[in-house]
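Undergrad: Here's the letter readout for the chains.
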Amino acid sequence: MFKKKSNREKFFKTIVHILLIIGAFVMLFPFFWMVSTSFKTQSEINDNPTALFPNEYNFNNYRQAWKAGSSAGFGRYFFNTIFVATITTMGQLILSSLAAFAFAFLDFPHKERIFLLLLGTMMIPQQALLVPDYIILHKLGWLDTYLALIVPWVCSAFSIFLMRQFFRGIPKELFEASRIDGSSTLGFYFRILIPLSLPVMLTAGMFSFLGSWNSFIWPLIVTSADELRVIQVGLANFAQAEGTQWGLLMAASTFCTVPLIVGYFFVQKKFIQGIATSGMKD
Amino acid sequence: MKNKKLKKLLSALCYIMPGAMIILTFHFIPIFYSLYYSFFKGGLGKKTFVGITNYSELITDADFWLSLKNTVFYVIGTVPTTIVLSLIIALLLNSKIKGLSIYRTIYYLPVITSINAVSLVWKWLYNTHNGLLNSMLEFIGLNPISWLFDKNWAMIAIIIMSIWKGLGYNVIIFLAGLQGIPKQLYESAEIDGAGLWHQFRNITIPMISPVTFFVFVMSTISSFQVFAQVYMMTQGGPGKATTVIVYHLYDKAFQKFELGGSSAIAFVLFLIIFAMTMFQRKIAEKKVHYSN
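So the protein sequences, as listed, match chains A and B. Each step along the first sequence adds one to the number in my numbering, with nothing skipped, and position 271 is 271. Residues are numbered in my numbering as their position in the second sequence, beginning at 1, plus a constant of 1000.
Hints may be right or wrong, so weigh each one.
In silico contact screen, one side only, chain A against chain B (beta carbon under 7 angstroms); selected entries [stated by the list, open to error]:
(1) Pro132
(2) Asp133
(3) Ser253
To be clear, the hints were calculated from the coordinates, so they are not data collected in a lab. Predicted model only: the values in this text are computed from it and were never measured. Yeah, the Cβ is synthetic: ideal placement off N, Cα and C, and Gly gets one too.
Work the whole structure out from these sequences, hints included.
TA: Okay, structure coming up:
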């Protein structure tokens, strides 16, 4: 009886694994195909489009794609993306945590009302704001500058919410005790709160960095100068210019995704926890 | 006393205002600005007040209705399939198997990679002559499909790719929900002799319903805003077969520079999504709860 059950369970688990492996294959195959094609020459692709592996691993496609024709090149696009994502993330961490600190530790009139107003902005879809934001940036004279790429994204209601939730788990007595010890409010924020809040800072920072790295429609509309393009816009332009040079396009897609995938493997556990608890995508 | 309260408010605002200014300026006030601008015609330079003309034009604009229809088709094609598939995968992952974190990482991979890059990869897979999908179809004796160049297939191709891209996110959410169901419920059901199907039907489904509802509304809202796939793979074509509402908005605002008319579209888009969010909050408060 016992043996029978464990056999059944074994069989059941094998089926589960088979199904999950099929699924995992479907998830991974496009990435494999991207990398495989990126090493193939155009004639190789035309002659035998279904070959799983390239004849030889040469990096010509990568070299050629990196220069991206007559444009500023992907070196510049990478610099822009990393620069914008880093400043945006730093801004998010500082500005959002300051606001979250006030909501979690200070008593002041209309606290709930102000918090709900900020939280309510999350209900406004980003795509509906493109046109008015574009006009506002035009009036500020910021179109086609780094300011347009960075400033609107240095704080978000989501980060404030995430951090406030975390801060509320920190005993208020700690704040009061540090005040009694003669520490200033800012002193508490820098010396006690921030060091205690590294987990939530990491989660919020990852969301912000990833969102900035992958954002497309915003940089597409607020910049037009080639030297201000970020990776995603550069890739879209490159795709339009190269059309059907699949080897080149897959090489460009590969080097545009690999840095993020590598980074993801390092932080994936933290990251997935963050999503499971906050239900947030980007 | 009053003075003290004001002082407290002001000192709190010192911390809140730097961030709040950004949010209000770029993510809140613009929606009213969009409403204001929708009563005008013109680009960035001169604009003229035209009352509700932009809205009345929208009602008779066949392209707008087509884009709305295409978007609804995309949403219906994406959301239910994503929910069913991601729930199945989450259930499989939740069955105490080895290697959970490896599977989870793999299924989540498409979610973190940029939509632009994976769109190009899928465009290559969908390629009519050399694409791998058509080679596979021919291999099993079926006729090749012009996927992205056939107006009957282009949207379906985008839907398939989008399901692949977004699946992992919902798997994580469902998995978290499944892990939150108390084990005792299953244990006592087993003692009562309930089979797997009965446990699924009478425990899992009702217990997971708040998560399902959350996933349903969130995916509907984000699917309504689909853009990058369309931009990268079809540019709204062939014909206007994949012109979704945000692509139509983008085209009108930033290709044709009809900022007044596109403000009207943006505001309608806002109203649709805002209504869905409010609906979600109402239902979430009242109806969806654990049935036991």
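Undergrad: Which of the listed hints are not met by the structure?
TA: none
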